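Participant: Heads up: the sequence shown is residues 1276 to 1629, going by the numbering used here.
Incorrect hints may appear among the rest.
[Claimed, not checked] Using C-beta positions, here's what the derived DEER-type ranges look like:
# : residue 1 : residue 2 : range
1 : Arg1484   : Glu1279   : 23 to 29 Å
2 : Ala1627   : Pro1584   : 23 to 29 Å
3 : Glu1279   : Lys1419   : 41 to 47 Å
[Unchecked claim] Think about it this way: if two alpha-carbon atoms lie no more than 30 Å apart in a straight line, the pair counts; the simulated DSBU-like pairs of lysine-lysine are:
#  : residue 1 : residue 2
4  : Lys1488   : Lys1598
5  : Lys1563   : Lys1475
6  : Lys1475   : Lys1419
7  : Lys1598   : Lys1588
8  : Lys1339   : Lys1419
9  : Lys1494   : Lys1558
10 : Lys1286   : Lys1419
11 : Lys1563   : Lys1523
12 : Lys1603   : Lys1588
13 : Lys1603   : Lys1558
14 : Lys1475   : Lys1558
15 : Lys1419   : Lys1444
16 : Lys1494   : Lys1523
17 : Lys1598   : Lys1626
None of these hints come from the bench; they were simulated from the model.
Quantities reported herein were computed from a predicted structural model and do not represent experimental measurements.
Cβ coordinates follow ideal geometry from the N, Cα and C atoms, glycine included.
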Amino acid sequence: MKREAKLLLEKAIDSLVLAIEFFNRPYDRGRVSSTLILLDHSFEMFMKAAILHRGGRIRQKHEKETIGFDACVRRSLTDGTIKYLTEEQALVLQTINGLRDAAQHHLLDISEGQLYVHVQSGVTLFRDLLKSVFGQDLACRLPKRVLPVSTSPPTDLATLFDAEVEEIKGLLQPGRRRRIEAMARLRPLAILDATILGEKGQPSEGDLRRIGKELTQGKPWAVVFQGVAAVEITADGTGPSLSLRLSKKEGIPIHLVPEGTPGASVVAVRRVNELGFYNMGAKELAEKVGLTVPKLIAVVDHSRLRDNPEYYKEFRIGSQLHKRYSQKAIEAIKKVLETESVDEIWAKRKKART
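Given only the sequences and the hints, what does the whole structure look like? Please build it.
Facilitator: Okay, here's the thing in structure tokens:
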């Protein structure tokens, strides 16, 4: 290994160990910011070591400074001779970098559950990359006592966001005068969502106010945070051997954002607004076609409308199952009623149940 790459890798591991140490501290002064800053630094040093190790450069020609975090991610993801990152791994790196930026430069109130997810998934990613790039086992580079731990590690983003949103809505109740705290609590959620969707930088105060208003008005968080709804936590093992990875849900693509795109990060999940496409419940659809809900369901069952994904889809948000119809279902229902009477369909349904 080249000497410069070796020294950078040592710095990366030093910062990782310190990030884990701060995470495990029994008191909170400076804990969150220090953990995120050091975790972010460990990955920047690792990427520079990996780029050098694979024959790349970490300085532009005639430049005094080395390349920054985003440039490291892009080279590690796209340079044919250097490439070792996947798009999903790049999403984890971008999220950690965005949270570090907020913690270092402004206010960030991140819950213990969220912090654990990001630290544990970060350690998992560092371990995976150390093995794939340098052929080294992370367990051999850490003191045996070093380990991120949590008394109740979350392994489901939907459940985590359910709890977060309820806390934020409570802070935003009229008369509580907790808006600043609510905005700080919203910020890590907004950063994660924006990062997944490929937006670089911090959410504005206007963005946070809009998100808070939508949540307090009862809009489902999966509609407000469409990026988060497109990814999930995958877990391997239990206890001390637990590995967490943030990964896209099956069928949802990740794409490379063109270099130089203003305000954009390196990779992003394509915007998927499925709840915008399937935007009606049974009551709304019944009103559109002029039926009662029971008669609408009879027509839907009779025509097997729910078998066609053009018209119907079910979404599980947290513990709640939502049954949704698309606008295309309106024309499908009307077409059925052009040839068959709703009263005849209703009578057949009643007869079948007797």
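Participant: Next step is simple, just say for each hint if it's right about the structure.
Facilitator: Hint check results:
Our hint of 23 to 29 Å for arginine 1484 and glutamate 1279 is violated, since their Cβ atoms are close to 46 Å apart. For alanine 1627 and proline 1584, the Cβ-Cβ distance of about 26 Å falls inside the hinted range of 23 to 29 Å, so the restraint holds. Between glutamate 1279 and lysine 1419 the CB atoms are about 29 Å apart, so this pair departs from the stated range of 41 to 47 Å. Proximity of lysine 1488 to lysine 1598 is assessed by CA-CA distance (about 25 Å); at most 30 Å being required, the pair is judged to hold.
Annotation: proposed proximity of lysine 1563 to lysine 1475 is violated, straight-line Cα distance about 40 Å (limit 30 Å). Only pairs whose Cα atoms come within 30 Å are accepted, and lysine 1475 paired with lysine 1419 is rejected, the gap being roughly 37 Å. For the hint pairing lysine 1598 with lysine 1588, the CA-to-CA distance comes to about 6 Å; that is within 30 Å, so the pair holds. A hinted pair counts as satisfied when its Cα atoms are at most 30 Å apart, and lysine 1339 with lysine 1419 does not qualify at roughly 39 Å.
Our distance criterion of 30 Å between C-alpha atoms is met by lysine 1494 and lysine 1558, whose separation comes to about 17 Å. Note on lysine 1286 and lysine 1419: the hinted pairing holds, with a Cα-Cα distance of about 19 Å set against a maximum of 30 Å. Taking the CA atoms of lysine 1563 and lysine 1523, the gap is near 35 Å; set against the 30 Å cutoff, the hint is violated. Restraint check: the Cα-Cα separation between lysine 1603 and lysine 1588 comes to about 12 Å, which is no more than 30 Å; the hinted pair holds.
About 16 Å separates the Cα atoms of lysine 1603 and lysine 1558, which keeps this hinted pair within 30 Å; it holds. As the CA atoms of lysine 1475 and lysine 1558 are separated by approximately 39 Å, the hinted pair breaks the 30 Å bound. Restraint check: the Cα-Cα separation between lysine 1419 and lysine 1444 comes to about 42 Å, which exceeds 30 Å; the hinted pair is violated. Pair hint lysine 1494 plus lysine 1523 holds up; C-alpha atoms about 23 Å apart against a cutoff of 30 Å.
Simply put, lysine 1598 and lysine 1626 have alpha-carbon atoms about 26 Å apart, close enough for the 30 Å limit, and the pair holds.
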